[in-house]
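*Asks:* As given, the protein sequences belong to chains A and B, one line each in that order.
Just so we're on the same page, the working numbering is the position in the first sequence counted from 1, plus 4.
Just so we're on the same page, the working numbering is the position in the second sequence counted from 1, plus 107.
Treat the hints as calculated values from the structure; they're not laboratory data.
Think of the CB as a built atom: it goes at the ideal place given N, C-alpha and C, for glycine as much as any other residue.
The reader is advised that the hints may include incorrect statements.
To be verified - Sample of chain A residues facing chain B (criterion: CB under 10 Å; computed from the structure):
id	residue
1	Gly19
2	Phe21
3	Val22
4	Phe24
5	Gln104
6	Leu126
7	Phe130
8	Ser141
9	Arg166
10	Phe222
11	Leu237
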Amino acid sequence: METIYYLVLVPMVYGAFVVFGLGSVLRLAALWRRPPQPSTLRIHARRAPGWLGALADSFLLPTVRRHNPLLWVFLMIFHVCLLLLILGHLELFKRFEVLQVIEHQVFLGRGLVGLALTLALLFFLFRRFVSPNRDLSVPEDYYLLILLLLTVLFGSQMDWARSWYGYGELTVEDYRAYLMSLVLLKPQLPSAVTGSGHSFMLVLHVFFANLFLIFFPFSKIMHAFLALPVNKLRRG
Amino acid sequence: MDEKTRQDLLKLFEGKLNQAMRLYLETCSRCGVCTEACHVYASMPQAKYIAAYRAEIVRRIYKKYFKSQGRFWPSLGQSKDLTEMALEELYEAAYSCTGCRRCMVYCPFGIDTQMIMSIAKLLLVGAHAEPEILTMLADTSIAKGESLEIFREGFLAGIKRLEAEVVAKWQSQAGDTVIPVDKQGADLLYVALAGAHSIIPAAAVFNAARENWTLSFFEAVNFGAFVGDPTRTKLILERIVGEAKRLGVKEVCICECGTAFRVMKQLSGPQPFQVSSITQVHARYIREGRIKLDPSKNPEPLTYHDPCQIARNAGVIDEPRYILQHLASDYRELAPEPIYNWCCGGGGGLVALGEETLDFRMKSSRVKAEQVRKTGAKTLCTACENCHTQLSDLNQHYQLGLEVKFLSSMVAEALVP
Chain A
5 METIYYLVLV PMVYGAFVVF GLGSVLRLAA LWRRPPQPST LRIHARRAPG WLGALADSFL
65 LPTVRRHNPL LWVFLMIFHV CLLLLILGHL ELFKRFEVLQ VIEHQVFLGR GLVGLALTLA
125 LLFFLFRRFV SPNRDLSVPE DYYLLILLLL TVLFGSQMDW ARSWYGYGEL TVEDYRAYLM
185 SLVLLKPQLP SAVTGSGHSF MLVLHVFFAN LFLIFFPFSK IMHAFLALPV NKLRRG
Chain B
108 MDEKTRQDLL KLFEGKLNQA MRLYLETCSR CGVCTEACHV YASMPQAKYI AAYRAEIVRR
168 IYKKYFKSQG RFWPSLGQSK DLTEMALEEL YEAAYSCTGC RRCMVYCPFG IDTQMIMSIA
228 KLLLVGAHAE PEILTMLADT SIAKGESLEI FREGFLAGIK RLEAEVVAKW QSQAGDTVIP
288 VDKQGADLLY VALAGAHSII PAAAVFNAAR ENWTLSFFEA VNFGAFVGDP TRTKLILERI
348 VGEAKRLGVK EVCICECGTA FRVMKQLSGP QPFQVSSITQ VHARYIREGR IKLDPSKNPE
408 PLTYHDPCQI ARNAGVIDEP RYILQHLASD YRELAPEPIY NWCCGGGGGL VALGEETLDF
468 RMKSSRVKAE QVRKTGAKTL CTACENCHTQ LSDLNQHYQL GLEVKFLSSM VAEALVP
């Protein structure tokens with residue numbers, strides 16, 4: 005079992021980040037090597053300046069807010085929570101004073117962020133079971149949502165245990181020791197990381213997160229990088 | 108389908124994969140926000156008419172041949188082989204889409220379904236499975252450009268007959284030459300459609316405005332664009348560009364044809380002349396005081412249909428409204444925001460296919476008919492030949508009891524001497 009823990013928590017993490025980084029860069033480079041569109045693809049009567057409008061379109065999703073307000077609420081919850089969780093994970097590497105402007109325990113939100121994200125993912129998943137969204141969906145859509153749901157559930161479970169039930173075996177310091185050792189390319193697995201009651205949850209969380217990162221460059225999640233340039237085309 | 112044909116078609120596919128097309132093909136998250144955007148789906152709610160579904164038919168072939176995902180895990184994105192059956196699906200997707208780009212207004216990424224459908228149309232051309240009539244019409248246009256002398260005498264004789272009609276109706280506005288043709292040093296080249304209705308009222312307004320103009324030998328409509336053949340589109344376009352350069356005009360004015368205007372405006376590249384629609388030119392004449400209109404000629408409630416290729420896709424939105432302020436006393440908007448106007452349902456070559464598509468055009472445009480009916484207007488005017496034909500068909504089919512008119516004809520009719 006220790007070998008499996010090690011494989012998931014060390015080599016697989018490095019592998020996942022290499023695939024994610026290289027894969028994304030190569031995919032984007034392949035896209036930008038193509039010739040540009042010779043004519044405008046603008047939609048008219050949108051008077052906001054091009055880049056500013058495209059930024060608003062990408063981050064505030066005004067078209068979704070207008071045409072599907074319920075989906076917009078869950079999309080905003082999802083993306084905002086995702087951002088907060090990324091910041092939370094940064095704090096698992098080291099303490100960032102700038103992130104502690106509002107003093108808080110790691111993670112921000114005392115477990116509610118993970119809970120909101122879980123609910124949003126369940127909403128996204130269940131709406132795909134209903135026509136006409138079911139007719140539009142392909143297996144990739146379900147796999148990605150299930151993968152994210154598993155990642156978030158196992159990750160949040162650890163946060164909920166610490167925040168709501170005072171679970172103290174696996175502390176922020178233990179995470180920092182493990183994660184900084186990965187960053188410094190001197191991987192170490194503190195005994196709390198592999199030998200506590202929640203180690204199994206941690207390994208599953210990291211395993212699914214690794215899979216997600218590996219999947220990322222080859223999936224529709226590339227919209228994280230492409231949403232802005234594609235929206236710019238519409239803005240002219 | 109044999110392997111060589113497939114490889115030839117895939118080369119055509121690859122030729123379409125520029126940056127924008129890649130962005131459109133890579134970004135869709137199949138969120139379904141575009142579901143309600145398409146007039147075909149709104150009129151006939153079937154999944155195959157959702158913009159994202161149409162695009163996915165092309166995208167599945169893209170995944171199969173141009174993404175590693177399709178090679179290593181084809182079931183993940185339901186990648187699809189390019190087969191005869193796939194061509195049939197492409198045909199249905201491409202020729203049930205009018206290319207109005209209303210779905211772009213809904214999509215959180217602004218994915219252009221019309222552009223994705225251009226791949227489907229090109230593959231159909233490559234497989235000789237496109238609607239033959241569109242290719243024949245495109246080839247006729249190209250042939251006219253290649254051997255103009257054969258057509259010249261007949262064209263000039265036809266124009267002489269039209270001049271008499273202009274003089275009879277608008278004698279006071281007629282200049283020395285009623286319909287000048289091939290006039291070197293003219294300021295404006297007017298590119299009309301084949302038909303008196305596209306030439307006579309336009310001539311009356313140009314002459315009333317004392318414009319130094321000339322009529323093009325060529326018709327504006329670009330059947331190459333309808334059939335989705337970039338080579339034919341360019342050849343048809345270049346006839347007009349060549350004529351404009353030869354005559355040294357400062358402005359090329361495109362008649363009421365949405366596709367012709369958008370193709371000329373957006374695909375002709377930087378040229379020594381500017382490209383305008385006739386609606387823009389008429390608005391300019393009114394603004395500059397070169398023509399005056401009598402709004403009392405149109406006392407009945409009137410509404411205006413924004414042709415998708417002229418308004419949403421080329422930005423001519425304020426000009427027709429400015430004209431209508433001077434033309435009608437009871438103007439009513441079709442949609443609260445012109446960008447959300449329903450497509451008439453006749454674009455993308457559907458009207459050009461005539462009776463063959465009539466049943467589909469009528470069923471798929473139910474929402475358009477309802478939109479028009481709600482205004483309570485007695486007159487419906489528009490600035491596109493395709494839209495005019497389709498709206499006239501809808502008027503008859505849904506018994507809307509309207510009079511469907513061209514905006515330019517209404518301008519001519521309301522000219523104050």
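*Asks:* Just pull the numbers of the violated hints for me, sorted ascending.
*Replies:* 1, 2, 3, 4, 5, 6, 7, 9
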